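A.B. asks: Sequence:
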Amino acid sequence: MTSERYNPRAAEAFWQSRWDEAKLFNLEPSTSSSREKYYVLEMFPYPSGRIHMGHVRNYTMGDVIARYKRAKGFDVLHPMGWDAFGLPAENAAKKNNIHPKGWTYDNIAVMREQLQSMGFSLDWSREFATCDVDYYHQQQKLFLDFYDHDLIYRKKSRVNWDPVDQTVLANEQVIDGCGWRSGAPVEQRDLTQWFFKISNYSEELLSALDGLDRWPEKVRTMQRNWIGRSEGLKIRFEIEATSADAILTSSTLEVFTTRPDTLFGASFMALSPEHPLTTQLASHSPQIEEFVKECQRQGTSLAEIETAEKKGFDTGLRVKHPFVEGKSLPVYIANFVLMDYGTGAIFGCPAHDQRDMDFARKYGLEVTPVVLPPDQQEASFYLQDEAYIGEGLIINSDFLNGLSIEDAKNMVAIRLEKNLVNGVAQAERQINYRLRDWGLSRQRFWGCPIPFIHCDDCGTIPVPQNDLPVVLPDDIDLNQSGNPLEMHPTWGKVKCPNCGMSARRETDTMDTFVDSSWYFARFTDPKSETPTNRAVVDHWLPVDQYIGGIEHAILHLLYSRFFTRAMKITGHLELKEPFRGLFTQGMVVHETYRDNDGNWIAPAEIRIDETDGKRTATLLDSNQPVSIGAIEKMSKSKRNIVDPDDIISTYGADTARWFVLSDSPPDRDVIWSEAGVEGAHRFVQRIWRLVNGTANLGVSSSMANPLQYTKETAPEILVTTHKALANVDKMISELRFNSAIAQIHSLVNAQEQALRKLSQTSGEFEKATMLFCIKTTIQMFAPMMPHLAEECWKIFDNSKMVATMIWPEVDQELIVETSMVLPVQINGKKRGEVKVAAGAAKDDVEKAVLALDFVQAALSGKTPRKLIVVPQRIVNVVV
RNA sequence: GCCCCCUUGGCGAAAUUGGUAUACGCAGCAGACUUAAAAUCUGUAGGUCGAAAGACCGUGCCGGUUCAAGUCCGGCAGGGGGCACCA
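Quick note on numbering: the first sequence equals residues 2 to 880 in this note's numbering.
If you're looking for bench data, these hints aren't it; they were derived computationally from the structure.
Note that this is a predicted model, so its numbers are computed, not measured.
For glycine and all other residues, C-beta sits at the position ideal for the given N, C-alpha and C.
Among the hints, a few may not be true.
[Stated by the list, open to error] In silico DSS-like pairs for lysine-lysine, Cα to Cα no more than 27 Å straight-line:
1. LYS569 <-> LYS198
2. LYS102 <-> LYS577
3. LYS830 <-> LYS843
4. LYS577 <-> LYS528
5. LYS24 <-> LYS73
[Said to hold, decoys possible] Across the chosen pairs, the derived CB separations fall in these ranges:
6. ASP211 <-> ASP668: 42 to 50 Å
7. GLN167 <-> ARG437: 20 to 28 Å
8. THR193 <-> GLN625: 53 to 61 Å
9. ALA696 <-> ALA14: 22 to 30 Å
Whole structure, please, built from the sequences with the hints as guidance.
C.D. replies: See the structure below:
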């Protein structure tokens, strides 16, 4: 006999240690298993201090899949680790005057325990942190391999500098002109930086998106836009001879355009302030030099770019129009032309580009329309200050007149490709991408050291493999400004491995996104003495189901796709794409509360009352009223946080797991509410009563297995249970956890009804059926509430754990319907029902329907105009 | 500015090949048990009209296709997200 209420606190700790002792979730790094592999992975956490509800939701979803797939007979890999390098550790260390390492590992210890208290079926034997020397040692090896394969280079470039975090940021890490972490407006600086050649893979990364059919369309679209492919023409314009000839190193100017069809509408050329031609001219012209400096002072924040005026400087140079004899175009330097896209120079066609229009109006340049909108007459078509960018036919363009835009583009390309300037074709077709190379240098301490050495004589050379790892020093001074590695008295001083003379270590560390770009591969054999163990990594990858936040749609997921390609080239794995299935889960959100002074109040500090449907909140300690605000993402600043530890100690992990899965579809935000959690907990107790009630029927064990029945003798509850099982099976495999939970709710409702009709004196067959149904139900909710499931299972079977049981099988024959109730519509509106045999022929259904009283009445003796019978679905009588 | 997504009861949501709209849960209301409360159980529940049977209306708004539209098409409104001086 068991206690009346289920006590999660004792049960959860007990079963967690039982699973642990049995090493149920630990897998040897084997490839020889006869079972099919399944790799489920949730994005690993940054060890910020404590886990939050977002983690609970993310890891619960992953755990449901892992436990479900395990029950389905797969070898499931479900590892966990820590994305442990990064700036917060440095900031915290500075504040508390400790080493970032200590802060990080302390946090990991706390968070590991929190995750374990949730009962996740994780393989902790594979755990690592990216700040472990072993992990970043392997990463340094990878880095040198990439370098050897020409996937990494170093160059001086204009970079995004975060003045608060005192570091360089990748383009992907600049959001609206501000640093992604600090939020500070980003400045431009010229620094020598390390880059990954991700742009080598622009086309590959783009086209392979089509094959990722188990990724959300939204993420694929975002990546497509980010890679930003555009087809166009690179055109060489001849520079007219002038007195400046002597200072120019080239007699042509190259531009990239996607609109060669508008070439006859061109009225000016514009160079980027950083264009080589600009630089050459500036060296001989103080005015140009001054203009370039002015452009460089221009900010790069969102507001500054939006309000920035189009500014230009006429260089006096002119280029020849390729098709119009005697026509030439002025060459400007313009502040809106980007050096790192295309060729850093454009031709301006004001009539059909808004930016060019603004520029032309400002400097009094010609505006010639060359595309006629379909609804316009040539005579009446003229342009004010708005460029026309739509479809139409070409006008004012000599041999292009009357062509479509598409045909005109082609025609221009064909002509210019044949046209030779100084023996070179005047144009070639080109495809450009927005995607830039990934700048990975960070001027920070708490990251993976870049394994290179600078020697005055030998240049920048890799650290020899035997000298790896380059380990971060423990004795650092974080209170100085700048990079502590650079300030360290001895760490950077080394002998050149080439010539043996004094040399300096590279003091930049790697972007932490490097760490997370291959951790999923390392999990397959985390102790391997090479970055990966080929036999093992090729067996386990790709990740079958990856789960994480949408915020990584571009950064992490694009970098990982690049790394997979780079690791393939360097022989570390054989794989096209790292993540076969991707799921982006929604956030956990909560109401916000503020007191009369506008201070944010935490949910734990208030009481909610409800009268006449109106909810009011009051402070617990002072009874002061509190205003209820918008529902927002849980955040420290708004204090609308619910601590998972509090929920676990009050209701237990299973209640928390059930709740985060139950209300909302997993890709949408879930609103955390006290009432919702209590509802989930009530259901936990209901199951407990149902299971114990069934146990109290007293079933002789000999009756239970196997159950003897036929389709005719099967009790209704058995059919209901098998139907629910079929549905739950389908819904879990489609990650529709909220729907699976609704099914289980319905099933439990039905089973409570069924149990009520039984007693100890009922027939053994009825009791055994009930027992079978309950055991099946326990297995169904086990992936979501594993502790409760074990505790319930134990009542019937003390020898095995649910976690070791295989998933129950649906009796397909039992759930096939023998008769059906079809809705009957008259003129498309439901007016009644008809009961027919499941396989009834159309004729028979028609006869049955026409015999119905309400159909006869509607027809009043006439024949129906139409009679539509959709088998298994519906009947519609059109009168 | 460009691109994408969403809009269903008081609330979270189901309806996943165009075929019974509102399953399941939360909050509510009524009742049972109880000295009482909690816990638990039962019933009820889109709107309007009606005593009832029932009728009509109803998935953001307007229109279309269809025997049949939450679902498909066109337009509009509101909300959210991504990119953004990319030639």
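A.B. asks: Could you run down the list of hints and mark each one as holding or not?
C.D. replies: Hint check results:
1. LYS569 <-> LYS198: Status holds; Cα separation ~15 Å.
2. LYS102 <-> LYS577: 35 Å, violated
3. LYS830 <-> LYS843: Distance of about 20 Å is within 27 Å: holds.
4. LYS577 <-> LYS528: 24 Å, holds
5. LYS24 <-> LYS73: 19 Å, holds
6. ASP211 <-> ASP668: 42 to 50 Å: 21 Å, violated
7. GLN167 <-> ARG437: 20 to 28 Å: 22 Å, holds
8. THR193 <-> GLN625: 53 to 61 Å: This hint holds: roughly 58 Å between Cβ atoms.
9. ALA696 <-> ALA14: 22 to 30 Å: With a Cβ separation near 23 Å, ALA696 and ALA14 satisfy 22 to 30 Å, so the hint holds.
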